[in-house]
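**Q** Sequence:
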Amino acid sequence: MSIYGTPRDAFLSPAATMPAERAGYTVTMFLVDVSPSMGTLRTVEFPDGPNGESQSQSTEMTHLEWALQFVMLKIQEMIFNGRKTDQCGVILFGTDGTKNVINEKSGGYENVSEYIPIGQPNAGTLAKLAALRASEDIVGDPIDAIIVGIQTQDNYLSNKRTWTRKMVLLTDGENPIEVEDWETIVGKMTGLNISFTIVGIDFNDEEFGFEQEDKSNVKRENEVFFHKFVDDLPNSVIGTLDFALQEVSRPEIKQTKSALLGTVLRLGDLDPYPLDSLEIHVKSKHMADDRTEEGNEDERSEGKMDEWVELTMQTEYVIEKNADKSKEEDEEEMDDEGDEQKSVSAKKDVEKVEKEELVRGFKYGSTYVPCPDGQFERLPTRRGIEICGFFKAVGFRREYPMGEVQYIWADNVSAKEQIALSSLVQAMYKENMYAIARWVTRDGIDPKMGVLAPCQFDKVDCFLWAQMPFADDIRKYTFAPLENLINKKGERVTKHPYIPTDEQLDAMENFVDAMDLMEAGEKNEEGKREAWFDTRMSYNPSIHRVKQAMFHSAVVQDLVASPLPPPHPELLKYFEPPKRVLKRARDAIEECQSAFKVKEVPKKIARARKDGHVHAKDAEDEVLLLDRMPARPRQLTQSQSKVIPTYGARVTRLDMSKKDADSDTEIESDDGDAELLFANKSANKREGTTGMTSADKELPTPSPEPEMDYGREPGRIVSTTTPLNDFRKNISRGDVVTKAVEDLAWAIREVVMRPFAGRRYREMHECMTELREVCLQEDEIDSWNSFLKGLKEACLADLGNLEFWKEVKKQGRKASLIGDSEARAQGGKSDISDAAADEFLA
1 MSIYGTPRDA FLSPAATMPA ERAGYTVTMF LVDVSPSMGT LRTVEFPDGP
51 NGESQSQSTE MTHLEWALQF VMLKIQEMIF NGRKTDQCGV ILFGTDGTKN
101 VINEKSGGYE NVSEYIPIGQ PNAGTLAKLA ALRASEDIVG DPIDAIIVGI
151 QTQDNYLSNK RTWTRKMVLL TDGENPIEVE DWETIVGKMT GLNISFTIVG
201 IDFNDEEFGF EQEDKSNVKR ENEVFFHKFV DDLPNSVIGT LDFALQEVSR
251 PEIKQTKSAL LGTVLRLGDL DPYPLDSLEI HVKSKHMADD RTEEGNEDER
301 SEGKMDEWVE LTMQTEYVIE KNADKSKEED EEEMDDEGDE QKSVSAKKDV
351 EKVEKEELVR GFKYGSTYVP CPDGQFERLP TRRGIEICGF FKAVGFRREY
401 PMGEVQYIWA DNVSAKEQIA LSSLVQAMYK ENMYAIARWV TRDGIDPKMG
451 VLAPCQFDKV DCFLWAQMPF ADDIRKYTFA PLENLINKKG ERVTKHPYIP
501 TDEQLDAMEN FVDAMDLMEA GEKNEEGKRE AWFDTRMSYN PSIHRVKQAM
551 FHSAVVQDLV ASPLPPPHPE LLKYFEPPKR VLKRARDAIE ECQSAFKVKE
601 VPKKIARARK DGHVHAKDAE DEVLLLDRMP ARPRQLTQSQ SKVIPTYGAR
651 VTRLDMSKKD ADSDTEIESD DGDAELLFAN KSANKREGTT GMTSADKELP
701 TPSPEPEMDY GREPGRIVST TTPLNDFRKN ISRGDVVTKA VEDLAWAIRE
751 VVMRPFAGRR YREMHECMTE LREVCLQEDE IDSWNSFLKG LKEACLADLG
801 NLEFWKEVKK QGRKASLIGD SEARAQGGKS DISDAAADEF LA
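Note that full-length UniProt numbering gives residue 644 to position 644 of the sequence shown, counting from 1, and the numbers run on in steps of one.
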């Protein structure tokens, strides 16, 4: 007998055998203890940070508030998934009043109330839970709550026998329990196939490593009973609330199950050719049942307005005048009360047209196709999957499948259909053939084209369907392979900076092997290391972190007192690769750096725009030459009109040595690939001079930018961006001649060895000419001779620049080594004879 006078076993009659679980159709009953002990205050410590750093902050809350966090997080997950078939209800025990289905029918089961009826949860559900407070002097019995929960859930699911039943009990276990007839309760729950979870506040948990000190005798005995209850009940678990909160915050994927849809698979036309055609009734089902849904949340901003004015709306149709292609557009104008309407035609050179004169059209490429009826006539399609033809499986293009893959099964109640489909699948599988199929979901609907691939399982044969694009939707972009390079003469180039050498291939192969993660994980029971990365256990951190912030804001009343906790460790476990893999790959990385000559790219510094436009980029600048850096913008004068395009410069650099004051022409480099620059006089005059337009005067003065050269390496006084100007500037100082000579020699060789150096040949020849003169005059003859020998060796190497060296040889004796007689003429000395200097460029 119950302590309330009503026999508990009256509502626990044996249940009928439940059918198999139907995923996604679930009712969860939350049984929450609101007895006075649940109002006890406790201190809750904030979790540790992502890197294990401890948080010094904590907050105070009651046992009930702490337990409700678990309930609200579970309900928030249901709200986020948005399934109408994922429902829940909340029953309280220990309430001042009584409201439950058993008490209304037969009495008894006092102080148990159905707080939230079973249904799809929403924001109001969370608000009602947040308003809960513990009772002052009424004690509840969890066994009564379990019985009421069973009966409430069973009444609701009387006509939904395939739904899954779950029940969660939250209590601190500090109050006495009437344990009579608990075996009958277990039998009833087993018969109904109820999954039962007990979440206890400060319950002992060996797995979690928690044991409460100074535990009361009542709570200790209740814990023993709950463990015994759970042990006798299948699909049940018990744990402590602290661990449960950690687990419920773990990222999860939304599980979905697609319903079987019936259709017809046809081969041939059954009406005119019944003996030569085939028609099989089949079922289709999505292949991907588990997936992560990344919903887009609406972002709304709240603003304040001092005055509200009623607005009116009017639509006008206009067409632009004097346009090569007429373009119709809808314009919506809203006016304040009493204000004169402003028409769009008053702002633009447009002509107003009436709506009746317009014809609906659809854009096709760059033109519009008129459609007077609003839509084109649909094809006379009929429901089903029609096989249009067969082709060899080797001809299947892996990049063509679109969307999700679906199973195509034979009707599960017809043996004839199953044999027919299985025969077709086995025949195609034996011949290694795929089928092109046309799928219409229902009569009159636009068709989809796809591929049917035969698939054989242990006990069943089926097709895999994948939608494919129509021929009109395919764009083919062909280009030659990177290793097949042809020069201007039509000859194939076998050695080039873009063609990897054997050394580079070996280095990259070793690097890829060193990054192998297949045996980088933890050891299994057999002592073998498993794979480190598992796609089934990886998540999108940004999506789940946003969801965690949303949940936290919903379950916490004060964000200052309870700030957002750090991300769950499951989101961060793949952020850092295994240390043993990094250690293993260190040598391979250094080998790749040496083989590919990897250099750090300097950080791009934003600069103020001094002129009203930005110079257009060469297509090769971004795609192929990743190490290019923008040059410093310089003031243009009338004398700087000759253009020498620089390697990687976003603003064209000007030659300071060539002066042509009255020239406004553009000059191209020898290779025909130079950038152009129009040195307009009026655009470069300083403010206050004659010829300046009013538009120029209105331009704001740009903020000064730091003097920075992106082509200058640390320790160098000559850059690769403006080498000649930097060299002249340093030579004029007189005390850094040796350093300037050394750095200009480095800059010349650095530029010449880069890809597409042809656009800077003229500039490099001028640099070499001036460098030779300075070396001859400043007794740096050995530096010049050493530089030229090294440049020749680099240019004639396998991956060198033979074309540039041919240009140097054309310069003749004035670009060769400095011989003894030429050195003595300037008061210097050279170890190179005149004959050797003549033969050097031969």
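Think of the hints as simulated: they come from the structure by calculation, not from any bench. Be aware that a few hints might be false.
Unchecked claim - The calculated lysine-lysine pairs, modelled on DSS-like cross-linking and capped at a C-alpha distance of 30 angstroms, are:
| hint | residue 1 | residue 2 |
| --- | --- | --- |
| 1 | K430 | K392 |
| 2 | K792 | K604 |
| 3 | K829 | K792 |
As the structure is a computational prediction, the values presented were derived from the model and not from experiment.
**Q** For every hint, state whether the structure bears it out.
**A** Hint by hint, here is what the structure shows:
| no. | hint | result |
| --- | --- | --- |
| 1 | K430 - K392 | holds (11 angstroms) |
| 2 | K792 - K604 | violated (34 angstroms) |
| 3 | K829 - K792 | holds (22 angstroms) |
In summary, the one numbered hint that this structure violates is 2.
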